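Student: Each chain, written out:
There are 2 protein chains.
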Amino acid sequence: MGGVILALVVQKYGGSSVATPERIMRVAKRITECMDAGNKVVVVLSAMGDSTDDLLSLARQVTKHPPERELDMLLSTGEQVSIALVAMAIDALGYPAVSLTGIQVGITTDDVHTKAKILEVNVERLLEELSQDKIVLVAGFQGCNANNDITTLGRGGSDTTAVAIAAVLKADVCEIYTDVDGVYTADPRVVPDARKLQTISHDEMLELASLGALVLQPRSVEVAKQYAVTIHVRSSFNYNEGTLVQEGANMEKEKVVNGVAHDLKVAKISLLDVPDRPGVASKLFQELADESINVDMIIQSTMRNEHNNISFTISRDDLDKALPVVEKVKEEIGAGGMAFGQDVAKVSIVGAGMITNPGVAATMFTALAAEDINIEMISTSEIKVSCIIKADEATKAVQALHRAFKLDQASD
Amino acid sequence: MGGVILALVVQKYGGSSVATPERIMRVAKRITECMDAGNKVVVVLSAMGDSTDDLLSLARQVTKHPPERELDMLLSTGEQVSIALVAMAIDALGYPAVSLTGIQVGITTDDVHTKAKILEVNVERLLEELSQDKIVLVAGFQGCNANNDITTLGRGGSDTTAVAIAAVLKADVCEIYTDVDGVYTADPRVVPDARKLQTISHDEMLELASLGALVLQPRSVEVAKQYAVTIHVRSSFNYNEGTLVQEGANMEKEKVVNGVAHDLKVAKISLLDVPDRPGVASKLFQELADESINVDMIIQSTMRNEHNNISFTISRDDLDKALPVVEKVKEEIGAGGMAFGQDVAKVSIVGAGMITNPGVAATMFTALAAEDINIEMISTSEIKVSCIIKADEATKAVQALHRAFKLDQASD
Chain V
97 MGGVILALVV
107 QKYGGSSVAT
117 PERIMRVAKR
127 ITECMDAGNK
137 VVVVLSAMGD
147 STDDLLSLAR
157 QVTKHPPERE
167 LDMLLSTGEQ
177 VSIALVAMAI
187 DALGYPAVSL
197 TGIQVGITTD
207 DVHTKAKILE
217 VNVERLLEEL
227 SQDKIVLVAG
237 FQGCNANNDI
247 TTLGRGGSDT
257 TAVAIAAVLK
267 ADVCEIYTDV
277 DGVYTADPRV
287 VPDARKLQTI
297 SHDEMLELAS
307 LGALVLQPRS
317 VEVAKQYAVT
327 IHVRSSFNYN
337 EGTLVQEGAN
347 MEKEKVVNGV
357 AHDLKVAKIS
367 LLDVPDRPGV
377 ASKLFQELAD
387 ESINVDMIIQ
397 STMRNEHNNI
407 SFTISRDDLD
417 KALPVVEKVK
427 EEIGAGGMAF
437 GQDVAKVSIV
447 GAGMITNPGV
457 AATMFTALAA
467 EDINIEMIST
477 SEIKVSCIIK
487 ADEATKAVQA
497 LHRAFKLDQA
507 SD
Chain F
97 MGGVILALVV
107 QKYGGSSVAT
117 PERIMRVAKR
127 ITECMDAGNK
137 VVVVLSAMGD
147 STDDLLSLAR
157 QVTKHPPERE
167 LDMLLSTGEQ
177 VSIALVAMAI
187 DALGYPAVSL
197 TGIQVGITTD
207 DVHTKAKILE
217 VNVERLLEEL
227 SQDKIVLVAG
237 FQGCNANNDI
247 TTLGRGGSDT
257 TAVAIAAVLK
267 ADVCEIYTDV
277 DGVYTADPRV
287 VPDARKLQTI
297 SHDEMLELAS
307 LGALVLQPRS
317 VEVAKQYAVT
327 IHVRSSFNYN
337 EGTLVQEGAN
347 MEKEKVVNGV
357 AHDLKVAKIS
367 LLDVPDRPGV
377 ASKLFQELAD
387 ESINVDMIIQ
397 STMRNEHNNI
407 SFTISRDDLD
417 KALPVVEKVK
427 EEIGAGGMAF
437 GQDVAKVSIV
447 GAGMITNPGV
457 AATMFTALAA
467 EDINIEMIST
477 SEIKVSCIIK
487 ADEATKAVQA
497 LHRAFKLDQA
507 SD
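From first to last, the protein sequence lines are chains V and F.
Numbered as in this note's numbering, the first sequence ends at 508 without a single skipped number.
Numbered as in this note's numbering, the second sequence ends at 508 without a single skipped number.
Worth flagging that the hints you see were computed from the coordinates, not collected in a lab.
Note that the structure is predicted; figures quoted are calculated from it, not measured.
One thing to keep in mind: the hints can contain errors.
[Stated by the list, open to error] As a list, the in silico DSS-like pairs of lysine-lysine whose alpha-carbon atoms are at most 25 Å apart: (1) Lys266(F) - Lys160(V); (2) Lys230(V) - Lys160(F); (3) Lys266(F) - Lys321(F); (4) Lys292(V) - Lys492(V); (5) Lys321(F) - Lys125(V); (6) Lys292(V) - Lys321(V); (7) Lys417(V) - Lys160(V); (8) Lys379(V) - Lys417(V); (9) Lys230(F) - Lys160(V).
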C-alpha cells in the first residue's frame, strides 16, 4: 500500500478454490500477495464448492418448477457467502477488504432470469473503494435488472463478471483461477498426454469454451474479445504460469488443429414428419428463442414424401423447458411426432489453421470411422468441426482425434 | 383475489417455522389461506432453522474476530434463502408471490452493523407489488445504511422488520408466528403450569421481552408501542388464538404480578477499586455505548476507604467486545482491577399492578431467600423487579416466584 502501483489486476476464483475455510484462507493469502506486489486488486468469487447445487436441491425439494426470478434470488446467496468469508479472511491477515454484491457494485443486466446478460457495470463504487486502498471482493454470477430484481448469469457466470469488471476498469489482466493449470489440447482426464497451451486467441478460446471445454464460460470470452481483455487462465493450487487468452495470439500456428473439446451435457430433439411449408423452422426456433433456449446444431432432412424431419441439439439443462415448447409447435404445425435423446455427446476439433487447410474434416470423420463411431450430426465453422455421437463413445472419440491430429507432440 | 379486501395483514414466521422444505410448504399453505380469506398479505421471514448459527460457525472457522460489516453481509443471506424458497412454495400452490430483500424494499437503518436500528421503510415497492395482488415476502433482520451496505438488526430482528412494515403500511394486525402458542406467565419449559395470557399491554410486553422472555425482540415491541401496532403472537404449528399485544390492554388487572421472566444470556463485569472521582462512571458507560454495547443493570458500592466497585450486566454475546473496553478504561482511570462472570442469570417479575401495590419486591426477595438463593444485583422499574442470581439456580427461582405470586391460578 502506498508505493508505486504496478497494475490493476482482476482475479476470479472458482467454487473449488473457496470450498472450505482452509481454502478460503489460502485464497486470501494469494490475494494479499498480489497487493503486496504493488497491484490494486479486485477479486470476483464464485459460490463455495457445491453450495449452488445444494441450494438448487433445496429448491427442488420445495417445487419441481421454481420460478426463475426466485431461483436467482436463492442462488445469488452462494456468492454473497463467499465474498463475506474471503473479506473476513483478508481482514484477519491485516489487509483492508470490502465485499460487494452485484446490486451494490451496480451490475445491470437484462431481464432474462437464470441466464442474464450484463448491460452495464457502474465503476463508481469500485473506484471509491480502490481509492481507499481496499481489496474489493465482488460476488460473481449476479447482477440486477432495471427493476432492481436480482438476476444471475448462468453456469460459469462469475467468469463473465470478472471479464466485464476488467473491461470497465481497463485492468491490465484478468486472472481466472480454476482447478486446472490452463487450457489444454484436450481434457487431461480423458487424454492423459494432453498438453497445456501457452497462448490462445479469443476466437479459438471461444470455440473451445462453447464446445464444452468448461475452462471458461463462453460469454466471458465474447466479452473479453469485444473489449480486448487479456485473460490468464491458471490454477489456484500452484504458481505455474497458465494459458494467456489474448488478442492476436494464435495457438501454435504450424498446427492445423490445436484442441479437441467434448461436451457431455447435450440433448437432441427431433420433430418428425414436418409439413413442408415455409415458416415452420422459423416458428420453432423463434419460440425456443423466446424462452431463452440456445439451440446449437440443427439439421433438416427431407424424406421421400413431402414431409421431413428437423433435429437440433440444446444444453441438457434446457431440456425440461424445451419439450413443452416443441410439443406446442408440433400441435400447431401438425407435425407427425417428436423424439428426444439425452445419450448424445458433442466432440469437436478447433484450430485457426483450419481455414486454409482442406481435408481436416475428412481426417476427423476417418478417425471416428476407424473406431466404429457413428456420426449423428455435423456442424462446422471457420475454425472448428463438431460431431454429435453416442455419449458412451465420447472418451474413445476424443482420444482418437487427439492422436489423429498429433496433439501430444509440441510443434515448437 | 379480487373481491372485498378484509384487511392488510403482516405475518412473520420464525426460523423454526421454515426449518425444512416440508415446513416451508406448510407455511406457504397458511399464507395462502390468509389471502383466500380476502386479505392482502405481507410476510416477513427469518432464516431457516439453525442456518444463522451455521453461517456464524463458518465465519468463526475463518477468523475469531470477523469484521461486523462482513458478518452482516454473510448473515443476511439466511433470510434471502427463506424468502426465495417460500415464494417458490406459494407459486407451486398457484398463488402469485414475490420476494424482496431489505435493500429491495428500502429498509434504511443506521450504521451500527449487527445491531442496526431501522430509520425508514420505503413503502413504494411494497405497495406496487400489493397492488398487483401479490403476496409479498420480505427478508427479515436486514436493511441497508445510507452507503447501501447491508446491516442486520440483531437477534430477533425479524420481529422488528415485521412491526416496522406493519406500521408504515398501517396494517390491521402484525401476526408473529413462533413455536409457542403465545405469551405465558413464565417459560412453560421451566414452569409446567404456566398459563397463556390473552392480552398484554405494550409496556408489559416490553418489560417481559427485555427481561429475556424471548418471545419477541424488545425493539419490535418499542416500535409497536410507538406506532400503536397490534401484535398477535401465535404458533405456526396450530390454529389456537395466541396473545394480543395491544394498546391499552393490561394483563388481568386483579393480579399484581402477571409474569415471571428469566434470561440466561447474561454476563456480569466488575471494575474494582475505582478512584472516587466525578466522571468515572460516565466515562465507562459512554465508551461502552460508543461500541453499541447495551448495559442493563448497574450497581456501585462504596467501600470503607475512598475506593469503590462498579458492577454491571450486559448480554453475554457482547462480552468479547466489552472486555477490552473495560480493560482500557481501567488503565486510564487507574482502577485496581476487574472481574467478570458468565455464570449468572436474571429473573424478573412483571405486572402493571405493581405500581400501586407496595411490598411486591419484598415478597420476591422472601420467596428467593426461602430457596436459599443469593441475590447479587437488583433493579426495578414501575412495572418490574429484576434480580441477578447464580445461573444454575434460575429454574428453581422462576418456579418459586411463579408459585409465590399464584400465577398458575387464573384470576378471571
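Student: Would you mind marking each hint as holding or not holding in the structure?
Tutor: Hints, verified against the model:
A hinted pair counts as satisfied when its Cα atoms are at most 25 Å apart, and lysine 266(F) with lysine 160(V) does not qualify at roughly 37 Å. As the CA atoms of lysine 230(V) and lysine 160(F) are separated by approximately 21 Å, the hinted pair is consistent with the 25 Å bound. Restraint check for lysine 266(F) and lysine 321(F): satisfied, since their Cα atoms lie roughly 13 Å apart, inside the 25 Å limit. Restraint check for lysine 292(V) and lysine 492(V): the C-alpha separation of about 21 Å stays at or below 25 Å, so the hint holds.
Restraint check for lysine 321(F) and lysine 125(V): not satisfied, since their Cα atoms lie roughly 50 Å apart, outside the 25 Å limit. Straight-line distance between C-alpha atoms of lysine 292(V) and lysine 321(V) comes to about 21 Å, which keeps the hinted pair within the 25 Å bound. With a CA separation close to 12 Å, the supplied pair lysine 417(V) and lysine 160(V) stays within the 25 Å bound. Under the criterion of a C-alpha separation no larger than 25 Å, the hint pairing lysine 379(V) with lysine 417(V) is consistent with the structure, at around 17 Å.
Distance hint between lysine 230(F) and lysine 160(V) is fulfilled; the C-alpha atoms sit about 21 Å from each other, no more than 25 Å.
In summary, the structure is inconsistent with hints 1 and 5 from the numbered list given earlier, while agreeing with the others.
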